[in-house]
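Engineer: Counted the way the working numbering counts, the sequence shown spans residues 1293 to 1719.
If you're looking for bench data, these hints aren't it; they were derived computationally from the structure. No experiment lies behind these values; they were computed from the predicted model shown. Backbone N, C-alpha and C fix where the C-beta goes; we use that ideal spot for every residue, glycine too. Treat each hint with caution, since some may be false.
Taking lysine to any residue and the SDA-like style, the derived pairs with C-alpha atoms no more than 20 Å apart in a straight line are [what the hints assert, rightly or not]:
| # | residue 1 | residue 2 |
| --- | --- | --- |
| 1 | Lys1367 | Gln1395 |
| 2 | Lys1367 | Phe1417 |
| 3 | Lys1367 | Ala1707 |
| 4 | Lys1367 | Arg1416 |
| 5 | Lys1367 | Gly1356 |
| 6 | Lys1367 | Ala1400 |
| 7 | Lys1367 | Gly1401 |
| 8 | Lys1367 | Asp1355 |
| 9 | Lys1367 | Ala1589 |
| 10 | Lys1367 | Arg1415 |
| 11 | Lys1367 | Leu1611 |
| 12 | Lys1367 | Arg1687 |
| 13 | Lys1367 | Phe1703 |
| 14 | Lys1367 | Gly1331 |
| 15 | Lys1367 | Ser1668 |
| 16 | Lys1367 | Ala1354 |
| 17 | Lys1367 | Pro1386 |
| 18 | Lys1367 | Ala1328 |
| 19 | Lys1367 | Glu1399 |
| 20 | Lys1367 | Asp1310 |
| 21 | Lys1367 | Ala1396 |
| 22 | Lys1367 | Glu1688 |
| 23 | Lys1367 | Thr1702 |
| 24 | Lys1367 | Ala1697 |
| 25 | Lys1367 | Gly1333 |
Cβ-Cβ distance ranges computed for the label pairs, FRET-style [stated by the list, open to error]:
| # | residue 1 | residue 2 | range |
| --- | --- | --- | --- |
| 26 | Arg1361 | Gly1640 | 28 to 36 Å |
| 27 | Arg1694 | Phe1586 | 36 to 44 Å |
| 28 | Ala1607 | Ala1423 | 46 to 54 Å |
| 29 | Ala1577 | Pro1386 | 30 to 38 Å |
| 30 | Asp1307 | Ala1451 | 15 to 23 Å |
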Amino acid sequence: VATADAPLATQRELDVGDALVLPGAVDVHVHTRSAAQEGIGAATRAAAAGGVTTIVDMPYDADGMVADREAFAAKVADVGREAVVDVALWATVPPSGPLDEVQALIEAGACAFKLSTFDTDPRRFPRVDDAQMLAAFGAIAACGGLAGVHCENDEIVRAGIAVERAAGRRDGLAHARSRPPIAETEAIGRCLELARATGVRLHLCHVTVGRGLELARRARAEGVDVTAETCPHHLLLDEGELARRGGEAKINPPLRPAGEVEALWRGVADGSCDLVASDHVGWPAERKRGDDIFALAAGAPGLELIVALLHDALAGRGLATSMLARLLSEAPARRFGLWPRKGSLLPGADADLVVLDPGEEWTVDPARLVTQCGWSPYADRSLRGRVRHVLLRGREVYAQGRVAAAGTGTFVSAADAAASQGIEAHA
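Take the sequences, apply the hints, and build the full model.
Structural biologist: What follows is the structure in structure tokens.
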């Protein structure tokens, strides 16, 4: 991005008429490799088609966690070969034992460290118990890092699943009943207290209930450095989708009653919810369909639709379109150490731009999306507003259905981003 009077060797001019020009979205919650069938290449193609020019990829890959320098460096190399948009990376910590890789991972460019209070997979996505969580928060805080947490009480959830199974209930709504709001809010409260004790910068991933935002708001007022995230599916879908769509609507934490959806929107409007991220994972359809909800994979694709979905939803609720840039670009880039290179249209920032036609009406058809997995929880949803052009560092990576080749994207180091191009960064 340059000032109007700066000398430029222009190669092409793009007249977008009355379309909106927005900073590229920065999606800080993406799982490109949870589903081995997708990967960095396919996920970033979907991102490009949706106006997401930077993703921050989670460390819970199908072949293991990214918890040391070697795994991190290997993934950085893969990004350089496969990515269509720019990629920053989360790291994680082991569920027990020494925490001596934290400093090295930050120096290597990790944006943040993901931890979980729930044991999704003991090998690749394990629970971190309270003692290790406290120690990890301390180690991350000592290095100035950011800790992001999946907050669900493991014991409450496992007991809930056992109750549902014992009663022979394996339908979609059994998933929601097994993971009640208290499982989430208890874990949020616990992590906030650990953050208070250690001084770590804390990010609450995928908050689904108003009480979670309230706890974060109160802690922030008392001096805890905390941000809260929610996702499009928690803003647009309620637990009734579990009855209608079954496994395609299975998310962890689960979709909630309509009243909680409204509470989240109040948080978006008043700033209690800091940002929106997709929590994208492109499971193949066979992992999402079946009669036993507890046997199915959790998560849904969202990279390609996040900008259009949120644009449509903000307009439908009479909220300012400018909130789109704050929630999807500026706030995530600031929190994850990528500002002002990313999430900004300031002179000197990367020219990551999204051209969105705000008036185009269309219906989500998974068969016509770039997203590889071929299904969507938003199938048949009517939207107003569609991404038409996407530029990454001034180069067009998406236009009218065409996506750039692998290798267009690059790794973005949080250690370097704030110092890039001489732009003044603001905390």
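Engineer: If a hint holds in the structure, say so; if it doesn't, say that too.
Structural biologist: Hint-by-hint comparison with the structure:
| no. | hint | result |
| --- | --- | --- |
| 1 | Lys1367 x Gln1395 | 18 Å, holds |
| 2 | Lys1367 x Phe1417 | 17 Å, holds |
| 3 | Lys1367 x Ala1707 | 17 Å, holds |
| 4 | Lys1367 x Arg1416 | 15 Å, holds |
| 5 | Lys1367 x Gly1356 | 12 Å, holds |
| 6 | Lys1367 x Ala1400 | 12 Å, holds |
| 7 | Lys1367 x Gly1401 | 12 Å, holds |
| 8 | Lys1367 x Asp1355 | 12 Å, holds |
| 9 | Lys1367 x Ala1589 | 24 Å, violated |
| 10 | Lys1367 x Arg1415 | 18 Å, holds |
| 11 | Lys1367 x Leu1611 | 39 Å, violated |
| 12 | Lys1367 x Arg1687 | 24 Å, violated |
| 13 | Lys1367 x Phe1703 | 9 Å, holds |
| 14 | Lys1367 x Gly1331 | 11 Å, holds |
| 15 | Lys1367 x Ser1668 | 27 Å, violated |
| 16 | Lys1367 x Ala1354 | 13 Å, holds |
| 17 | Lys1367 x Pro1386 | 18 Å, holds |
| 18 | Lys1367 x Ala1328 | 14 Å, holds |
| 19 | Lys1367 x Glu1399 | 15 Å, holds |
| 20 | Lys1367 x Asp1310 | 40 Å, violated |
| 21 | Lys1367 x Ala1396 | 15 Å, holds |
| 22 | Lys1367 x Glu1688 | 25 Å, violated |
| 23 | Lys1367 x Thr1702 | 12 Å, holds |
| 24 | Lys1367 x Ala1697 | 19 Å, holds |
| 25 | Lys1367 x Gly1333 | 12 Å, holds |
| 26 | Arg1361 x Gly1640: 28 to 36 Å | 31 Å, holds |
| 27 | Arg1694 x Phe1586: 36 to 44 Å | 41 Å, holds |
| 28 | Ala1607 x Ala1423: 46 to 54 Å | 47 Å, holds |
| 29 | Ala1577 x Pro1386: 30 to 38 Å | 33 Å, holds |
| 30 | Asp1307 x Ala1451: 15 to 23 Å | 60 Å, violated |
Checked against the numbered hints above, the structure breaks hints 9, 11, 12, 15, 20, 22, 30 and satisfies the rest.
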